Amino acid sequence: MGFKEILLILLGLAALFGIGYLVVYLVGKYKEKKKAEQLALESGANAAELARAKEIQRKEKEAYVPADQLRAFRVKRTTLKVITYIFLILIALFILIPFYWMVITSFKSAEEIAATKPSLIPNKITFEAYKNIFQLELNPNGTLKRGVPFLYMFGNTILVGFFTTVFTVISVVFSAFAFSRLRFKGSDVLFTILLSTMMVPGEVFIITNYGTVSRLGWVGARLNDDTVKIIGNYLAMILPFIGSVFYTFYLRQTFKQVSDELYYAAKVDGVGDFKYLFKIMIPIAKPTIITITILSLMGSWNAYIWPNLVTDFQNYKMWLVSNGLSNAFRSTIELTGPGNVLNQQMAGSLIVTLPLLIVFFTLKKYIMRGVVRGGTKG
Amino acid sequence: MLEWKKDGWKAAIALGPTLLIMAVFTFYPIVNTFIMAFRNNYKFLSGVDEGFGIQNFVTVLSDPRFLGALKNTLLMVVVSVPITVILSILIAVALNSIERLRGFFQTIFFLPYVTNTIALGLVFNTVFHKDFGLFNSLFNLGAVDWLGAETTYWRAFFVLMVYTVWNGLAFKIIVLLSGLQNIDKQYYQAAAIDGASKWRIFRKITIPLLSPMILYTTITSFIGAFKVYTSVISLFGKGAGASNSFGPDNMLITVVGYIYNKLWEAGTPFGVASAGSVILFVIILLITLIQRRVSKSRVHY
Amino acid sequence: MGIFDKIKEKFKKKEKPQAGDSKEVKEKDLALESTKEEAVFDTETIKKDMKNMGVEIRLEGLTKEFVEKKTNRITVAVDNFDVTIPAGKLVGLLGPSGCGKSTTLYMISGLHQPTAGRIYFGDDDVTNLPPEKRGIGLVFQNYSLYPHMTVKQNIMFPLENMKVPKEEAEKRAQYMAELVQIGDLMNRKPNQLSGGQQQRVAIARALVKMPRVLLLDEPLSNLDARLRMQMREEIRRIQRETGITTIFVTHDQEEAMSISDEIVVMKDGVLHQKDKPQHVYNEPVDEFVAKFLGNPPINIIEGKIEDGKLIVNGKVLEKVKLEDQPIHLGIRAEFFQVDPKGRLEAEIEFLEHIGRDTMVIASIEDASKTFKALVSAQTIKDLEVGHKIRFNYSSYFVFNAETGERLI
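Here the protein sequences line up with chains A, B and C, keeping their order. FYI, in our numbering the residues of the first sequence are 1 to 378. FYI, in our numbering the residues of the second sequence are 379 to 679. FYI, in our numbering the residues of the third sequence are 680 to 1087.
In isolation and in its complexed conformation, chain A is listed as follows (with noise of 0.2 Å):
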């Protein structure tokens, strides 16, 4: 199979990965369009009207184009149309392409990945690699030999993005409401160091946390420690990341656009001010904690640095989903060499992947909102 052959085959391919969503996507908005002619024919319009509508708003799209240019105008119009539609879909290419990847290499069998060429469709589907990366199989010292972990790497993952995130939304909004509503002296200075911790790079903290934690004895709890010692490596995960000056930061901005008139109003009802905080202030601010809630639990759920610095690698029950799967890896790749196991890794990546795409696609109009008033990401 030549070059092009192959680009031909993946470019089909990869639009078919897109489909699905893209299906989704027209139907959704074909719905749309129906249900409007249909609320414009049932408000009174006729079909008469409703083609004269589409004749007024294709004249507005052409409006002072000379007659005897019109067509040359609207082959521009067209040529310049699909040349942004070409670099657009390519550009999705590229963006969808190694999501591909990971789907079909997970549904391969190690055979056909040892094959000659890598085939772009699965000759076969197989779970060969789901099978594989669930069966654990441990060392006699009780360390993990094969297979990765995903019950530990989960829970563990959701026990700590759980508290991490309860914690900071709590701190966050006491916070927020500290410094948009309360008055007090300092308020503004203080406000001013917390905004300035966030110059400061992420490594300056780590190192001495890394030293606080461990000589609290917080750090690499072994297969065997007590409850007492993987409590402390727990907490040594959670501990640190409680709070954020950047969503106290952005929910401070949605807390001030409350009119004050409200609080004052709320002041001469005799409304004190933690109960207008529960009844007034939260509920309006609501989207913005959910949208807090949201990326906090994603950053639990990459977050790699920190708990990799602090878990044993040798202990898999204590791995978060991203350094459980890079180091559970690294063992079977030690055992049987890279290049066998690769079907697995796509398998094990989808699986860690896929419950932010999930998240994701059902909560999207959040997080993207989140990330446009300046979220950052790690």
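Do not take every clue at face value.
[Stated by the list, open to error] Okay, the calculated bits of chain B under chain A, using three or more residues with CB under 8 Å as the criterion:
id: 1; segment: 403 to 411
id: 2; segment: 488 to 494
id: 3; segment: 615 to 628
id: 4; segment: 631 to 643
id: 5; segment: 656 to 668
To be clear, the hints were calculated from the coordinates, so they are not data collected in a lab. Source: prediction; values computed, not measured. For each residue, glycine too, the CB sits at the ideal point set by N, CA and C.
Start from chain A and add chains B and C according to the hints.
Leaving out everything else, chains B and C in the frame of chain A:
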């Protein structure tokens, strides 16, 4: 003298717990890391040192590994930032100019943002696999080793740039697109009245009005690129702490990578790692200051 | 050859495209090029150019239909609008919000293309010309100054688009800035200016390309009361000095009356009346116009015509030659005089003393049907709330109660 305004005690309740945690895990570390950076031959667990001085900085700055890491990082910054920013401006403008399928493309372009860096690093590792990878077979390159033992610096660097661009577009596209959509339509009407051509409108109205967003995305990607670490680690698939986790002979080690490797090293790593992180902090501080300057003189309106 | 002539040349070219005659057009361009060198750009030239500004505007059957995006329904914003605006006049386009006055302005500017009808500037049909080829200047309600450009750059922007040589452009910009009295603010950014100053910059930017028509969209609505009075005078002065045909849109009748040469009253996309302000005030064509102009608003008293008599509250007020029908009697507050022998009897509900005059709020049948009468304080000095009072009136209008059509 010490006159608390009337909400003082409420603020103490609201902020107390947060400030307590921050004192331990945010404020103290900043101070402590700076101090450690200036303690000669500091033993962390015993807490002894050989006095204060700049020995750690001398060690770091004369370490060829650090200079190599700095060179690598600078190269990544210089290559990846312009590519991602320019490409995302183009994409955002293209998205803004279409109506049909805008939401669809927007969603697709956003996907890399919601993926796990380690997992997708593994995927890129597979795509660029020497024998079984998609890339070699797609372009009929034969068994070119991109990330394995026989790779070259520039090959590995190329893959890293592809992954960085892939990873970095999402955030910038969405920020720039929202910036474009927030430009008051009336400026375009005014420009139409003033008889500006399409190109002039783009150059004289759109780009200047988008400039705060462009500056913002440029600065965040500058800072992000200086702190690059996880994506390099994930690409080579060995995991942090493993030997040669930045490619053969750690060829693509970054400044942050250097700092963490020092943490793992036996001996007196804490002081050296601290010094490294202080240097990183200074670099980022400089970028931020430049940003302040630029935004005051150029985008202020 | 001044810039205005060049623009005119350009318009001519665009309006009468001689198919296939591209050679001739090219020659004209060359001719333009060659004259560029000789041109002298001093204030005299600019002043002379400005004498050429101002042209008659004729709207014929102008109609604008919008399609609502969500429902695909068509709404008519402007309906078959005919009006002629004389050259060199300042005309106020007046109506309540949503009456289509801004849409009309935008159609004249070319930002909106009419669904039907034609727009003429003098003898030129500009209906199918895009905004930049019409020779208009438009000042937006919120000014829309480019925030990233200085005042100077803002004013020069249209000239740069026309590829006017830099030196000339600077001279013209400076002249315009001085005309609107912001000559010393040229290097400021818009956010460093007050609302009134921004307004002036916007006018300068609109005028600098020597347009034939100046359009102002609610020019004073973003200013505070004091500045509003001041800018009113300014707009009037600038218009006089340049002699440019100016249309401004407003919902404030007082504003329209005070500075317009003529006002055009609109409602629901339809023209109601166009005339000199005083004439519209004194002779409204219908109840809407009568009610819309004047402060306090005209008193509308319900009544009827029976056997050629105008009857209000069972009492005959006038003898009229009209058919039997329910009517609205319209009498402005200042038309009333207190007269013991007056025809209209009422009871005083409230007295508002406004210096020399007193506003009497009186009721005819019950307290809910009141009217206002502005009378000399002297004439009611013995009267108090609750007293009966009799009025005479110097003038009155009669409208059909349903259609609002003026009968007398």
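Each hint, compared with the structure:
Given as covered by chain A, the segment 403 to 411 of chain B passes the check, having 8 residues with a CB less than 8 Å from a CB of that chain where 3 are the minimum. Under a criterion of three residues with beta carbons nearer than 8 Å to beta carbons of chain A, the stated coverage of the segment 488 to 494 of chain B is upheld, 7 such residues being counted. Using a Cβ-Cβ cut-off of 8 Å, 6 residues of the segment 615 to 628 of chain B lie near chain A, which meets the minimum of three, so the contact claim holds. Only when three residues or more bring their CB closer than 8 Å to a CB of chain A does the claim for the segment 631 to 643 of chain B stand; here the count is 4, and the claim holds.
With a cut-off of 8 Å between beta carbons, the segment 656 to 668 of chain B has 6 residues touching chain A; three or more are needed, and the interface restraint holds.
Going down the numbered hints, you'll see the structure goes against none, and every one checks out.
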